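If you read the protein sequences in the order shown, they are chains A and B.
Under the numbering used here, think of the first position of the first sequence as 75, with each following residue one higher.
Under the numbering used here, think of the first position of the second sequence as 7, with each following residue one higher.
Keep in mind the hints are simulated off the structure, nothing from the lab.
Nothing here was measured: the structure is a model prediction, and the numbers come from that model.
Even for Gly, the Cβ is constructed at its ideal location relative to N, Cα and C.
Check each hint, because a few of them may be wrong.
Calculated from the model, a selection of chain B residues having no Cβ within reach of chain A, i.e. all distances over 12 Å [stated by the list, open to error]: (1) P34; (2) D48; (3) K57; (4) A138; (5) L199; (6) D202.
Short, incomplete list of chain A residues facing chain B, as computed with Cβ under 10 Å [as the list claims (entries may be wrong)]: (7) P116; (8) A117; (9) P176; (10) H180; (11) P216; (12) A217.
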Amino acid sequence: MKSPALSILFAGWLLTGAAHAGAADHVHASHAWIRVLPGNLPAGAYVTLRNDGDQAIALSGASSTVYADVMLHRSSTAGGMSRMTMVDALSVPAHGEAVLAPAGYHLMLMQANATVKPGDTVRLTLNFTDGSRLATDFLARPANAMDAGDDHSGH
Amino acid sequence: MKLRRAFLPALLLVAGLLLGGCRHDELPFRLTNISGHMPDLDFKLTDDHGKAVTGADYRGKVALLYFGYTHCPDVCPLTLAQLHVVMQRLGPLADGARILFVSVDPARDTPAVMHAYVNAFDPRAVGLTGDARATEALSKRYRSAFTREPGSADGSYEVSHSSAIYVFDRDGKARVLATPSASHDDLVHDLHLLLDTGATP
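Modelling step: build the complete structure from the supplied sequences, incorporating the hints.
Okay, here's the thing in structure tokens:
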């Protein structure tokens, strides 16, 4: 089903993503990393997003050529039970930060079509609710890593 | 009736003193002390080499029992990574301890999957699986619980699970309970107490 209307829509969508980045222009990503697990197990991806703009912006998810399925999730612990829930969007306040970190918000990466090893860099495209996007390189880290490994201040 | 009401607390107190007396038990734990409040380590499961094992196979080791599953991308790996950091900090003493990672998702977690998984975290971690009944029995024994969340169309599903880490001494006695948010310092401290004191045969 190839309708001209759909093509135009698609072209417009491409333009939104590539040429006109929108609110994502004001977002800076840092500490981007993936906890790599053996086999084809789903992996968690983490990143800190800083918004220098005057408008709040919301992350809605991400896409990748390496993982067929990416979902924005949140882990929570209540009454001694751990659970994960799907999240529609995570707000990055104006002149503020949103942190995706272990035991909280994370991107769940599923169905890798290539083996990702610690030390690899994987590009994920972060999608925001206004349609803008931000390509970000994530560092693949070993399963037992505690963080992105780029912070030498220690803990 | 009145007499009994007054007598019972006294009896409990005496019993408590007696119990406390025969255990050399008064270790200054920093984490939640569950000594005497949880059953001994006991189970019949399969380890990540495919071998049938019981709780008795881990007598002589300090055991850290944790329930989870491999298709859990965030909290389970974080907890196991934290336990790895704790083991590293214990140095050679860590050889006296074992992380027992029990899968609450036996349908997907085979011994082979568990083997690759636990070894990605720590060489002293053991992956344990069993049929749904054995796993449930063990989890009930420690008043832990897990539930399977409604699955999606592609057959995937999430499992919510107890987040506690139960620590047993070398005799298989339950001693302390740690939450994943417990500080590494406290866990290292308490494991030191158990590993230093129990250094018998």
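Tested hints:
Listed as outside the interface, P34 of chain B is consistent with that label: its C-beta sits roughly 24 Å from the nearest C-beta of chain A, beyond the 12 Å cut-off. Residue-level check passed: D48 of chain B sits 21 Å from the nearest beta carbon of chain A, beyond 12 Å. Once the 12 Å rule is applied to beta carbons, K57 of chain B is consistent with being away from chain A; the minimum gap is 20 Å. In this structure A138 of chain B is separated from chain A by more than 12 Å, as the shortest Cβ-Cβ distance comes to about 18 Å.
The non-interface label for L199 of chain B is consistent with chain A: the shortest C-beta to C-beta separation is roughly 24 Å, beyond 12 Å. Against chain A, the non-interface label of D202 of chain B holds: every CB pair exceeds 12 Å, the least being about 25 Å. With its C-beta approaching chain B no nearer than about 4 Å, P116 of chain A sits inside the 10 Å limit, and its interface hint holds. Look at A117 of chain A: its Cβ gets to within about 5 Å of chain B, closer than 10 Å, so that hint holds up.
Interface hint at P176 of chain A: satisfied, since its Cβ lies 4 Å from the closest Cβ of chain B, which is below the 10 Å cut-off. Interface restraint check for H180 of chain A: the shortest CB-CB distance to chain B comes to about 5 Å, inside 10 Å, so the restraint holds. Given hint, P216 of chain A at the interface with chain B, holds; its Cβ is 7 Å from that chain's nearest Cβ, closer than 10 Å. For A217 of chain A, the suggested interface contact is upheld, since its CB lies about 4 Å from the closest CB of chain B, less than 10 Å.
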